[in-house]
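S.K.: Line by line, the protein sequences give chains B and V.
Read left to right, the first sequence gives residues 1 to 197 (my numbering).
Read left to right, the second sequence gives residues 1 to 197 (my numbering).
Everything labelled a hint here was simulated from the structure, so no lab data went into it.
Accuracy of the hints is not assured; some may be wrong.
Said to hold, decoys possible - Cross-link-like lysine to aspartate or glutamate pairs, in silico, EDC-like; alpha carbons within 16 Å at most:
id, chain 1, residue 1, chain 2, residue 2
1, V, K51, B, E38
2, V, K160, V, E184
3, V, K51, B, D45
4, B, K34, V, E52
5, V, K51, B, E41
6, B, K51, V, E147
7, B, K34, V, E41
8, V, K189, V, E149
9, V, K34, B, E41
10, V, K34, B, E87
11, B, K34, V, D75
12, B, K125, B, E99
13, B, K34, V, E87
14, V, K34, B, E52
On a predicted model such as this, the values are computed, not experimentally measured, just so you know.
There are 2 protein chains.
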Amino acid sequence: MSLPGPLLRLIEELQHLPGIGPKGAQRLAFHILKTPREQTERLADAVRQVKEHVTYCSVCSNITDADPCTYCSSDTRDRTVICVVEEPQNVSAVERTREFKGIYHVLMGALSPLQGIGPDDLKIKSLLARVTNGVAEVILATNPNVEGEATAIYLARLLKPLGVKVTRIAMGVPVGSDLEYADEVTMHKALEGRREV
Amino acid sequence: MSLPGPLLRLIEELQHLPGIGPKGAQRLAFHILKTPREQTERLADAVRQVKEHVTYCSVCSNITDADPCTYCSSDTRDRTVICVVEEPQNVSAVERTREFKGIYHVLMGALSPLQGIGPDDLKIKSLLARVTNGVAEVILATNPNVEGEATAIYLARLLKPLGVKVTRIAMGVPVGSDLEYADEVTMHKALEGRREV
Numbered sequence: 001m002s003l004p005g006p007l008l009r010l011i012e013e014l015q016h017l018p019g020i021g022p023k024g025a026q027r028l029a030f031h032i033l034k035t036p037r038e039q040t041e042r043l044a045d046a047v048r049q050v051k052e053h054v055t056y057c058s059v060c061s062n063i064t065d066a067d068p069c070t071y072c073s074s075d076t077r078d079r080t081v082i083c084v085v086e087e088p089q090n091v092s093a094v095e096r097t098r099e100f101k102g103i104y105h106v107l108m109g110a111l112s113p114l115q116g117i118g119p120d121d122l123k124i125k126s127l128l129a130r131v132t133n134g135v136a137e138v139i140l141a142t143n144p145n146v147e148g149e150a151t152a153i154y155l156a157r158l159l160k161p162l163g164v165k166v167t168r169i170a171m172g173v174p175v176g177s178d179l180e181y182a183d184e185v186t187m188h189k190a191l192e193g194r195r196e197v
Numbered sequence: 001m002s003l004p005g006p007l008l009r010l011i012e013e014l015q016h017l018p019g020i021g022p023k024g025a026q027r028l029a030f031h032i033l034k035t036p037r038e039q040t041e042r043l044a045d046a047v048r049q050v051k052e053h054v055t056y057c058s059v060c061s062n063i064t065d066a067d068p069c070t071y072c073s074s075d076t077r078d079r080t081v082i083c084v085v086e087e088p089q090n091v092s093a094v095e096r097t098r099e100f101k102g103i104y105h106v107l108m109g110a111l112s113p114l115q116g117i118g119p120d121d122l123k124i125k126s127l128l129a130r131v132t133n134g135v136a137e138v139i140l141a142t143n144p145n146v147e148g149e150a151t152a153i154y155l156a157r158l159l160k161p162l163g164v165k166v167t168r169i170a171m172g173v174p175v176g177s178d179l180e181y182a183d184e185v186t187m188h189k190a191l192e193g194r195r196e197v
């Protein structure tokens with residue numbers, strides 16, 4: 001079937017989004033076609049606005065609509081503890097615990113030789129520059145996978161000589177799950193990290 | 001975490017798309033944030049263009065960027081056979097077979113009392129108006145589910161008195177699948193529709 005040009009273009013553009021294949025893009029495009037114009041206008045506008053008004057914090061690289069971001073400019077957050085994460089969305093994950101009162105540093109990725117991502121592609125220099133006398137602890141909250149782990153080890157090696165306490169978030173069986181479903185690496189980490197009760 | 005306003009708005013708008021929940025919308029929004037501006041501009045533009053330039057054919061209700069659509073205005077298609085489908089995307093499914101040389105009629109839905117969709121909400125009147133002396137056969141290619149089946153039965157009742165041949169696409173086990181995975185209703189249809197070899 002020869003679909004109209006504008007529809008083909010929309011399908012093509014939607015396919016660039018993560019997790020959306022040719023079939024999904026077609027389904028979305030046909031849905032957009034059926035949606036009232038005001039709503040699709042709001043979507044198109046939201047896409048534009050987000051690129052226009054959301055930037056990265058010049059201090060911690062977190063996303064923000066004001067620079068520096070709310071965490072970096074807050075005077076109630078503990079500036080002696082920096083939590084290092086890979087992506088801006090990881091900040092949400094830490095914030096949701098309502099436990100952490102320190103500040104953040106977003107690396108904008110993780111070391112991945114396979115994808116050609118080296119130390120210079122990450123916000124590592126700006127992290128080292130932030131770790132001055134005032135900072136007591138750097139928590140490495142990179143992802144619990146190969147890249148995140150390698151990045152954590154790499155950062156630990158750079159940070160320890162600066163005389164700061166460097167910690168890594170605990171890995172183990174997730175709360176609410178069942179041991180039956182834990183893979184052996186997770187189980188190994190859970191045993192290794194056991195604590196006295 | 002307090003996400004910037006424009007990002008929250010984009011997440012909100014993305015959630016209106018089918019099959020995209022809060023988590024998926026957040027993932028897409030963060031991806032859009034990371035994407036180069038030219039590309040996101042193309043996406044926003046494609047959404048706008050599709051609403052601006054793609055309309056429905058005044059004859060068959062298929063989507064088109066010219067009215068009447070390519071099928072209705074073609075002089076190589078067989079105008080004596082009308083294939084009735086529920087949605088514009090179903091036309092693609094039939095066209096992909098490269099078997100059908102007739103023309104189409106898109107109902108824009110199927111009868112669904114539960115969703116409050118009655119005969120007047122579908123393009124049924126315009127279908128009946130099209131079935132004149134020149135039309136030899138109407139193929140009912142509505143979906144093989146409860147709503148599609150009910151719609152087909154309803155249409156057959158209206159069309160047969162007009163003296164036209166009314167057919168329904170075959171239901172059975174899909175090609176390339178395994179009988180093991182066929183549900184009992186499909187299997188029943190496959191047996192019922194068996195043909196001599």
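S.K.: Are the hints correct? Go through all of them and say.
M.R.: Hints versus structure:
no.: 1; hint: V/K51 / B/E38; verdict: holds (10 Å)
no.: 2; hint: V/K160 / V/E184; verdict: violated (30 Å)
no.: 3; hint: V/K51 / B/D45; verdict: holds (14 Å)
no.: 4; hint: B/K34 / V/E52; verdict: holds (12 Å)
no.: 5; hint: V/K51 / B/E41; verdict: holds (9 Å)
no.: 6; hint: B/K51 / V/E147; verdict: violated (42 Å)
no.: 7; hint: B/K34 / V/E41; verdict: violated (22 Å)
no.: 8; hint: V/K189 / V/E149; verdict: holds (12 Å)
no.: 9; hint: V/K34 / B/E41; verdict: violated (22 Å)
no.: 10; hint: V/K34 / B/E87; verdict: holds (10 Å)
no.: 11; hint: B/K34 / V/D75; verdict: violated (29 Å)
no.: 12; hint: B/K125 / B/E99; verdict: violated (27 Å)
no.: 13; hint: B/K34 / V/E87; verdict: holds (10 Å)
no.: 14; hint: V/K34 / B/E52; verdict: holds (12 Å)
Hints 2, 6, 7, 9, 11 and 12 from the earlier list are contradicted by this structure; the remaining hints agree with it.
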